[in-house]
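Undergrad: Okay, here's what each chain looks like letter by letter:
Number of protein chains: 2
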Amino acid sequence: MRFSQLYAPTLKEAPADADLISIKLLVRGGFVRKVAAGIYSFLPLGFRVLKKIEDIVRQEMNAIGSQEILMPIIQPAELWHETGRWDDYGPEMMRMQDRHERFFTLGPTHEEIITHLLRNELNSYKQLPVSLYQIAMKYRDEIRPRFGLMRSREFLMKDAYSFHGSWSSLDETYKQFYGAYSKILQRIGLEFLVVEADSGAIGGNESHEFNVLADYGESTLLYCDCGYAASDEKAEYLLQEESQEGAVADLKIVPTPNSRTVDEVSAFLEVTSRDIVKSLIYKGRKGYYMALIRGNEELNESKLKAALEDQTLVMATPQEVLDLLGVPIGFVGPIGLPKEVTIIADHTIKGLKNAVCGALKEGYHYSGVLPGRDFKIDSWHDLKMVTEGDPCPKCGAPMKSAKGIEVGHIFKLGTKYSEKMNGYVTDEKGNSIHYIMGCYGWGVSRTISAIVEQLHDENGIIWPLAVAPFDIIVTAVNIKDPIVSEKSIQLYDILSEAGFEVLLDDREISPGMKFKDADLIGIPVRITLGKKLAQGIVEVKPRTEKKPLEVSIVDGFDTLLEEIKKELSNYRPVSKMEAE
Amino acid sequence: MRFSQLYAPTLKEAPADADLISIKLLVRGGFVRKVAAGIYSFLPLGFRVLKKIEDIVRQEMNAIGSQEILMPIIQPAELWHETGRWDDYGPEMMRMQDRHERFFTLGPTHEEIITHLLRNELNSYKQLPVSLYQIAMKYRDEIRPRFGLMRSREFLMKDAYSFHGSWSSLDETYKQFYGAYSKILQRIGLEFLVVEADSGAIGGNESHEFNVLADYGESTLLYCDCGYAASDEKAEYLLQEESQEGAVADLKIVPTPNSRTVDEVSAFLEVTSRDIVKSLIYKGRKGYYMALIRGNEELNESKLKAALEDQTLVMATPQEVLDLLGVPIGFVGPIGLPKEVTIIADHTIKGLKNAVCGALKEGYHYSGVLPGRDFKIDSWHDLKMVTEGDPCPKCGAPMKSAKGIEVGHIFKLGTKYSEKMNGYVTDEKGNSIHYIMGCYGWGVSRTISAIVEQLHDENGIIWPLAVAPFDIIVTAVNIKDPIVSEKSIQLYDILSEAGFEVLLDDREISPGMKFKDADLIGIPVRITLGKKLAQGIVEVKPRTEKKPLEVSIVDGFDTLLEEIKKELSNYRPVSKMEAE
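As given, the protein sequences belong to chains A and B, one line each in that order. Here our numbering runs 36 ahead of the position in the first sequence, where the first position is 1. Here our numbering runs 36 ahead of the position in the second sequence, where the first position is 1.
A portion of the hints provided could be inaccurate.
Since the list gives no way to pick one copy over another, a pair counts as held whenever it fits inside one copy or between any two copies.
As the list claims (entries may be wrong) - Taking lysine-lysine and the DSS-like style, the derived pairs with C-alpha atoms no more than 27 Å apart in a straight line are:
| hint | residue 1 | residue 2 |
| --- | --- | --- |
| 1 | Lys162 | Lys70 |
| 2 | Lys568 | Lys583 |
| 3 | Lys219 | Lys87 |
| 4 | Lys456 | Lys70 |
| 5 | Lys48 | Lys162 |
| 6 | Lys88 | Lys412 |
Treat the hints as calculated values from the structure; they're not laboratory data. These figures come from a predicted structure and were not determined experimentally.
Bound-form chain A, shown alone:
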């Protein structure tokens, strides 16, 4: 393709609202354009990258026997009512009405649709397993769309669903997807980490996230040399229980005027934050909860939602707390709590004695608190947000942390959807059983951002060969020079015939602008036909190298072709992280 004909408007400056290096470079390089908050158009360069990622994903899905289908984007609300997710999903689900005032959602995911699709047609265990996938647009009405393609409202996903007559069959397919996802990332050429993950609103028993490592990744990952790795939403740790034995004080109410936060109370009462019971009020489907954790720890809401099996759970507003308990949030505590509020405590509370908590009276806290003696706990759970240095749950060594961008997520759904939507098959004995399901998502458009976050430098994007919009850019420094023009077109033809995707920069602009654009859009190899062409010399420069290699074409293009093939077969950009 000739650059003069390619619709790729490059920009010197990124728009002011571009908040990450990836979206800055993608906009500047003419890959994408924003249409509205979280909504993008893919221009020809961006589309080429998207298509290459899509094709790699498709090939790996086909390789594990998943069959491609296409389900509708607009989904009738009735199906979502069956599973209860019409209410559970919250305002992130885009909703609309048709001209007959029937409700639809722009699908954020397709469990309901596919369970419905198969429930009347799958009859026997003999038809199982079945694995189906699609590559299609998905919608999520982010309250604040940001990070370009990483947190957009319309995005391209590959979603797959599998159906099984036994758990062992699900396990086998789950492993195949695990392998396929790893292979996709290896083929693209990215550094990644697979972690145990929280299954959130999708549900199910087990899930893994595939994260591309990047300095500004949205996800925090905990990992250990022993092999354990989990997202911070899911990560567990080795609990070292403290004993409550030893001297205990009496419960005492103490004035704590204007001391509301953990820091304020610990300063005022001269205790450590570890000695404070942090009491947080949450509102769920069945009412109010008080979650307790030590003052020096952060509560992990994903764990709380999982423990209470309630994805609608949100922190109560200060006003709701005031209405419920008659006291501002800074003075809330578990002693004397109305019975309708369920108390759920993190394990760290167990070892507490002589602790401090809010007194349910404005301006007062209790000291000398002993959990168990002074208040009852309805249930114990691990609710702690694990951080770097916490002991690994498998081996006890201090864990490390990294930032990642989630591109894939696989789930063992089990019978969650087949139960709610009456999906049955008959098993070998003729019994009706709910089929067991798995689901497997891949963020196709998001992968573009992940690649750029990991692979770029100060001059622009560094695409891995597998997804680069073109393999080679031939830069004709002065296209008006007849020799440059002739040779660059000749070279373009030879390289195209050899099977390479070539972009010929034949624009009538300065050499500096051409070099800048070539670096910005990040094509793996640049061949420059400049002044030295008079002596039969062309330059070959991989995007990852600073200095070009000079190759003579006096005796024809064979040597050059060999050199390019060598460069491309060895081409493997590495992230700064890895390089460090």
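Assemble chain B onto chain A, guided by the hints.
TA: Frame of chain A, contents of chain B only:
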């Protein structure tokens, strides 16, 4: 692929709401499933066909230098307000609000988005022409979705847009698209007719529709041996004007109790329907219109909308007419009409004398009416719905008619969108000019229905090779027979290696069911390994033939492979129409 692993649930009966043979066969054959009215899922077989059509369309777009992009499905209302189409488009446009109550449409088309995309980045005529396309879902909230994929609410379209600095450049690109569209239909192997078309809500100066011929096509096409062809919405005819000369009668009001329709009035007054002025009230953006045409002709609303340049035009309701004129619709006429109602007349009114029209008085008509003398006409237009037998506008010969399914539509938009949305480029002289646009739609999912409507028989679908889900089906009659099993797998491997897409029917069901399914899903060639395999004989049967050919594999598969290659290279199913 093995049929036992393919997710293709075939059905004996079509669902009751399937209203055309194509959707009946597509559902029965396990190609698609309905999710809600006008909303479908594509199962693996259907997806394979869809993808093949998509790929043919993509190749032909790339061949004429159009560049693939991807624009969002959800489009901000603001852009549609700029062109006025937010109001013009009516209830067929799907609308929604996001969580911030901002309005969006699920795009029925993308002129606004692409004009916006380019308006800030196209600067100079030197960047032109540019041609961009996408293949993506489109939405139309049909009041009564029907005919399966032909009139669905969510459908896959290829839409392309071109941008030019001159009309001659647009003409050139328009011709390229015309050629590419013809080639797509030739490659698929369909009988089609290209006709001049009305450009409707899209607008512009010229447009052509590409129609696949089919008995139950939605579009009526008029055509002539001289080469003229147009859709009935657009078709013109050679007007033979009658002279008004000769004796004229005086205008007379006559009672016509209970005679409201043309037929009733012509019977009651003993005049022909040709002598009656049919007066129809329409409501548009600027008010009310009365459209006049002879009683024996039908009014063409597309022509009326085009003549009045008002796509919002609808026929007034009986109540609106009563409120406006104080008389029921059966007695409406142009004599004494309030001035705020504009009179627009078809050319056929010109030759009328001694005519009859409603008297604007309940129970009365006028006779002896002479247009011009008795009432004034604000403007004359061709408003007639042309039908079979009307004289060709080019050569005067009686036109023929055919039914077609519109799969492609190309438009010369001109400057409609660049004017409304401030899209400028500088021309050679440095002047700012609005760029000139073309747009080019192709119904990708609709093409599936069109193919099946044209190519089927009483047993099922007859796919052309270019879009068949598989090239060959190998029917292993009794898969439990070890020789059948061995040979069918061997044959499957050989054919697959030879580059064919093969479906191996290894299911444990009766031979009759296998043959029925093979015919239903319409794979071009069936190879049967049955009882005669004991003598080394297999059967080869193209889908279009009644009788199989017997081929010996005693000396290996070479002869068979030759035979199959021959059959497939000659394979060209023809429509019944053509065969007749």
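Undergrad: Take the hints in turn and mark each one as holding or not.
TA: Right, here's what the structure says about each hint:
1. Taking the shortest alpha-carbon separations for Lys162 and Lys70, only the inter-copy value of 25 Å comes in at or below 27 Å, while the best intra-copy value is 48 Å.
2. Taking CA atoms no more than 27 Å apart as the test, Lys568 paired with Lys583 passes inside one copy only; the shortest distance there is 15 Å, against 71 Å between copies.
3. Taking identical chains as interchangeable, the C-alpha atoms of Lys219 and Lys87 lie at most 27 Å apart whether they share a chain (17 Å) or sit on different chains (24 Å).
4. For the homomeric pair Lys456 and Lys70, the shortest alpha-carbon distance between copies (21 Å) is at most 27 Å, but the shortest distance inside one copy (39 Å) is not.
5. Only between protomers do Lys48 and Lys162 lie at most 27 Å apart by alpha-carbon distance; the minimum there is 20 Å, versus 60 Å within a single protomer.
6. In this assembly of identical chains, the alpha carbons of Lys88 and Lys412 never lie at most 27 Å apart, being 58 Å within a copy and 66 Å across copies at closest.
Checked against the numbered hints above, the structure breaks only hint 6 and satisfies the rest.
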